[in-house]
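Engineer: Input sequences plus hints: build the corresponding full structure.
Residue strings, one per chain:
2 protein chains.
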Amino acid sequence: MTTKLSDLVFDLPSLARAYAEGLDPVAVVDEAYDRLEAWNDPGIFISLVDREAARKAARALGPTPDGRPLWGVPFAIKDSIDFKGLPTTAACPDFAYEPERHAPSVARTLAAGAIAIGKLNLDQFATGLVGVRTPYAVPRNTVDPAFVPGGSSSGSAVAVGAGVLPFTLGTDTAGSGRVPAGLNNIVGLKPTVGLTPTVGVVYSVRFVDGVTVFATTVDDAYEVLAAIGGLDPADGFSRDMAVPKLGPLQPVTRVAIPDATSRRFGGSAAAEAAFDATIEDVRRLGGETVEIDLESYFAVARMLYEGSFVASRYHQIRDFIEASPEALHPVTRGIIEGARKFSAADAYGDMYRLTELRRTLGAVWSGVDCMLVPTYPRAHTVEAVLADPIALNSELGAYTNFVNLLDYCALAVPGRPRTDGVPAGVTLIGPAGADGLLASLGAAIHAAGATPIGATGRTPPKPAERPAAAGPGEIEIAVVG
Amino acid sequence: MTTKLSDLVFDLPSLARAYAEGLDPVAVVDEAYDRLEAWNDPGIFISLVDREAARKAARALGPTPDGRPLWGVPFAIKDSIDFKGLPTTAACPDFAYEPERHAPSVARTLAAGAIAIGKLNLDQFATGLVGVRTPYAVPRNTVDPAFVPGGSSSGSAVAVGAGVLPFTLGTDTAGSGRVPAGLNNIVGLKPTVGLTPTVGVVYSVRFVDGVTVFATTVDDAYEVLAAIGGLDPADGFSRDMAVPKLGPLQPVTRVAIPDATSRRFGGSAAAEAAFDATIEDVRRLGGETVEIDLESYFAVARMLYEGSFVASRYHQIRDFIEASPEALHPVTRGIIEGARKFSAADAYGDMYRLTELRRTLGAVWSGVDCMLVPTYPRAHTVEAVLADPIALNSELGAYTNFVNLLDYCALAVPGRPRTDGVPAGVTLIGPAGADGLLASLGAAIHAAGATPIGATGRTPPKPAERPAAAGPGEIEIAVVG
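Taken in order, these protein sequences are the chains called A and B. Residue numbers for the first sequence follow our numbering, so the first one is 2 and each next one is one higher. Residue numbers for the second sequence follow our numbering, so the first one is 2 and each next one is one higher.
In case anyone wonders, no lab produced these hints; they're calculated from the structure. Treat the hints with caution; some may be incorrect.
To be verified - Below, a list of computed lysine to any residue pairs in the SDA-like style, where the Cα atoms sit at most 25 Å apart:
id	chain 1	residue 1	chain 2	residue 2
1	B	LYS342	B	THR290
2	B	LYS85	A	GLU357
3	B	LYS342	A	VAL206
Stated by the list, open to error - Some chain A residues judged to face chain B by a derived CB distance under 7 Å, without partners named:
id	residue
4	ASN41
5	ARG207
6	GLY237
7	TYR306
8	SER309
9	TYR315
10	ARG319
11	TYR349
12	GLY350
13	THR356
Every residue gets a Cβ at the ideal spot worked out from N, C-alpha and C, and that includes glycine.
Structural biologist: Have a look at this one:
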């Protein structure tokens, strides 16, 4: 051992090197718990795996990885995803249940050799982008505790931003896998809809929900995706598609960016300047930028909370919310109960409108390979969000809400930092199957921006050398019903 | 001219031969109108193209087909599909509107050289399988007028069964393109969902609606499909898929048939015996039959009318039915108003259940190439249906209602005739993209059964010789959102 454990960088290559040099996974598990204690934020976890049980799991891995890509890597799970052995609460204690089995996304992560240490806090029922809609302590933003941690995968982002874990699992329906990544200056990978299995998840809007990955680097996030993605034949919402291979950055990438009328920064000049600086990076990296009007996308985004789709959330917890409405966080309850006013005819109308919009707006992909947008217009403080819980939450979703509804994939990475140190980031968006393309460009943007990762003090590495692989247009894709 | 016009067989090969010998399309148009008059059924058409205008359209085709596969072929259109120049009524006079343009399915048929002569009667708002739910005269069954014509595409089937037209366009959501074909001993082709464009159709359950073809032979129906199928980029519900090429019958086809518990004939021994005789034909044609339990499929069928999907019909005519409920047929009104009791949460729940069932039940296709079922359990008389309008309609849909919901294609053909002369038929069902496989087997079943076609006195021809083509597994299929 040439590195002190407390100095060990918690990313996949560093862990792999340390393991190759003889480090014991039990020591890494201990180090994760020690870092969590040292960080001293009671809001991150809702429940923890008993430390001795986690050590035992590490020992049970056997002496060598044997091809398991996440061998010995500690991780944790958003508490709306089932992990057998701990309750699933969805951040609503009265709703909690003991799952009979791991969600397939968790089972695959464990099968890849990772070691679970607990269940992470979230905006209750994964409804929110702020991270403060929880009856538990609010996780502290790892860049500046005055700001919200972001949600709904608040604990998932903070655990990584704090350097406690190399990666975590979250979910994303409206931006829950991206906004908290942006607010903690880490990476949030939201795969193509249906690419990660969603059985065993407390659903939000089931046909667009996805399990996502938070990590300190794009390459790490993608390696986790490669381990957990792909068809789950038992899941009607799973896509018959393999995780695209991650190839090198294309010499030229056609990148749509918001036109003048589509720029939303909530009046923050610092946020706007950081975004513009990232656009310059993208151009230096071979991006040919094309300005597009996002008004149609913003209209789709508004459908998510103003239309009948919220009834999907209501459907998931119908019996519970009818029996125990007072058990919900008041803001969450207000949102989900709003579903009662929508009829089945409204729902079919919204589904049909969305189906048409997918076709109409899909035409953009004949002209560009991906979009580059701010992850959110600007960061908000905890104080501001508590004072105005709906409007500021909505603002945070301006650039995320439309993505899943339109069947797109996305990747949130820190771009150029804001000069005032407030967390910010950019998100790449692509059509279904473009996950690999987003990752190769995203890794390059991350490296170019050099924003410190969360609270780790580290800056992003130069992306790994990668052999050429199939582009998204060449992937074998089957019909999804 | 070697054939008297009144003796000319109204199918595509006979017309093509006659045209090659110099027949004038104007004469064929006249012959169609003459046959309609001679048949003397006021229930078939809701509106007719002025005869002189149709003659003019025939003259405007020019002197030669120039590659147009339907050149000079008269046809007509279910009156829930837009044809510019005649109102679209959906069999509800107060609902009628003048469409500004042809539905793409109609425009493609016209572009292929066919000549429209009018709009055909239907069960109002395409809701029903009986053909008697119309404020217009009920079209007469062409095999035996005591029986219902079948619906909802009643006029479409009767016009072909009567020998008035070589083909017509219908629609199918729950069986409207199959049941009336069975009841008139003709062919009803219900393509893969989304393979025919549905813009300009008065929708029923939009995500599974399809424009269908009625014809006297499978080859004719397929030729029309080839002319009108394929991606409509302006239609969010259109599938990015080409019409599969029609190849020869496979030496061996694995065919699922209902097991003992799944046989439904409403007590008709004659219906059952005819179906069993057709199974024997299928075996002689190289079919390896496998009995399967259809209970899960029947459960899907029940969802169509007992679940929230009926709210999709309500959504389509919401403003109209709220303003003028008394304008509807009382049975239709009762069904569609039943949608009001369903909430948006019910709708999402049903969509999610259906998505899961598509995956679960889709496993059957790894073991068989297609299913063979009766088109309906048994035929019903007009008198019986008027006395019991809901239950007998439901019985007719037992083997059709589940098909579109599960994203399957289907083809209704007459099989072996019933010994009592009552109309009957069988339906082949396959996964999305199996249209070609169903057609090659269906044409062989049709020929083997030798049931006279409608009232034409003709028996089905031996299927045309076909060069080998790609099977459904080899078709290029893209993601449908």
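Engineer: For every hint, state whether the structure bears it out.
Structural biologist: We went through each hint and held it up to the structure:
no.: 1; hint: B:LYS342 <-> B:THR290; verdict: violated (43 Å)
no.: 2; hint: B:LYS85 <-> A:GLU357; verdict: holds (23 Å)
no.: 3; hint: B:LYS342 <-> A:VAL206; verdict: holds (22 Å)
no.: 4; hint: ASN41; verdict: violated (41 Å)
no.: 5; hint: ARG207; verdict: holds (5 Å)
no.: 6; hint: GLY237; verdict: holds (4 Å)
no.: 7; hint: TYR306; verdict: violated (13 Å)
no.: 8; hint: SER309; verdict: holds (4 Å)
no.: 9; hint: TYR315; verdict: holds (5 Å)
no.: 10; hint: ARG319; verdict: holds (6 Å)
no.: 11; hint: TYR349; verdict: holds (4 Å)
no.: 12; hint: GLY350; verdict: holds (5 Å)
no.: 13; hint: THR356; verdict: holds (4 Å)
In the structure shown, a violation is registered for the earlier hints numbered 1, 4, 7, in ascending order.
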